[in-house]
Amino acid sequence: MSNTEFFEAVKLLEKEKGIPADYLMEKIQAAIVIAVKRDYGGKENIRVVMDPATSEFAVSLYKTVVEEVEDPDVEMTMEEAARYSKTAKVGDTVEIPLETKEFGRIAAQTAKHVIRQGIREAERGQQMQEFQRRNQELVTAVVTRMDPRTGAATVEIGSSEAVLPKNEQIEGEVLKEGDRIKVYVVDVRDGDKGPRALISRTHPGLVKRLFEMEVPEIFSGVVEIKSISREAGSRSKLAVLSHDENVDAVGACIGPRGARVNSIVEELGGEKIDVVEYSDDPEKFIAASLAPAKVLSVEVDPDGAKTSRVTVPDAQLSLAIGNKGQNARLAAKLTGWKIDIRPESGFYGE
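Numbering (our numbering), first residue to last: -16 to 333.
Read the hints as simulated data drawn from the structure, not as lab findings.
Since the model is a prediction, treat every value here as computed from it, not as a measurement.
Hints may contain errors.
In silico SDA-like pairs for lysine to any residue, Cα to Cα no more than 20 Å straight-line [what the hints assert, rightly or not]: (1) LYS255 <-> LYS176; (2) LYS267 <-> VAL248; (3) LYS72 <-> ARG99; (4) LYS191 <-> LYS159; (5) LYS(-2) <-> ALA105; (6) LYS20 <-> ALA105; (7) LYS20 <-> GLU(-12); (8) LYS(-6) <-> LYS20; (9) LYS(-2) <-> VAL16; (10) LYS10 <-> ASP34; (11) LYS(-6) <-> TYR6; (12) LYS(-2) <-> VAL77; (13) LYS26 <-> LYS(-6); (14) LYS316 <-> GLU214; (15) LYS209 <-> ILE153; (16) LYS165 <-> THR47; (17) LYS267 <-> LYS307; (18) LYS307 <-> PRO326; (19) LYS307 <-> ALA274; (20) LYS316 <-> HIS186; (21) LYS267 <-> LYS316; (22) LYS277 <-> ALA288; (23) LYS321 <-> VAL248; (24) LYS176 <-> THR137; (25) LYS149 <-> LEU121; (26) LYS20 <-> THR47; (27) LYS255 <-> PRO265; (28) LYS316 <-> ALA298; (29) LYS255 <-> ILE304; (30) LYS255 <-> PRO326; (31) LYS191 <-> ILE237; (32) LYS191 <-> ILE153; (33) LYS159 <-> GLY141; (34) LYS191 <-> LYS176; (35) LYS26 <-> LEU(-5); (36) LYS267 <-> GLU214; (37) LYS176 <-> SER203; (38) LYS209 <-> HIS226.
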């Protein structure tokens, strides 16, 4: 291989693997130094020059000219030096150019191994950077494989792969190969087998990012999402606050004729979403959190124990509590308060 072909091969690797040419050459230089050290005494008198601009690729040993050689790996006599420099004298350092073929089979194999390892490390680093860039973000993934045994989905995110476990999929959702889905990158970890993105369709962050995409007022910061509680596939509650008195936070999230919230509901496979107004006043916030139920009164524990007693019309009791207690449970998660719901008559049951 000529020098020109070598640099062209490096450029091709950069293009195909997405690994910077400078990084590759740094690894190759290190590999050649290791290879030369093995065959030439293991000393630090090796120089490798790689210059893509001039197509220069040179490997040299450096030895000091001495009257009497004690270490032939780093020293040479005047007679030996004369073969490389006619002007060399005792004390000078002489460069000895090496041919690649002189490295020997073991050295070449070592170089190949280290280069391969360097490429793997670079690819791993690139993948880690790609995942880190998307950490806690919403990304579009393509389902490439379904595990019939576990129900886990292997998905493609850009040029990388990740696994969406069954328990991170929305309940009742049926995924198949080729589906394009939105997933939330919960975390990125570097394990023994390389970088791994932990992705989810059930995380509350998915709902938050979907609203940021769908509602310009949230993306711009005019409307703020203060908290989210979610039971994926069934119901989510969203508490929002407007930082502009002229903007209705709840109305902005719902959109004209419910267009904005409906597109998110569709993305989540029909999951119900309650958007309520956040308030610093616990009584107002707790009352709003129990929507769609109507609340008559809220009493909070004066001792600051974050417990409250809520009174609702008798006919609204089951709506306030929700199916299997879901509405009350989500309201408690949304507000951070324990909520005890009681009917107006004081008697449970209708």
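Legend entry - Hints the structure fails to honour: 1, 2, 3, 4, 6, 7, 8, 9, 12, 13, 15, 16, 17, 22, 23, 27, 28, 30, 34, 35, 36, 37
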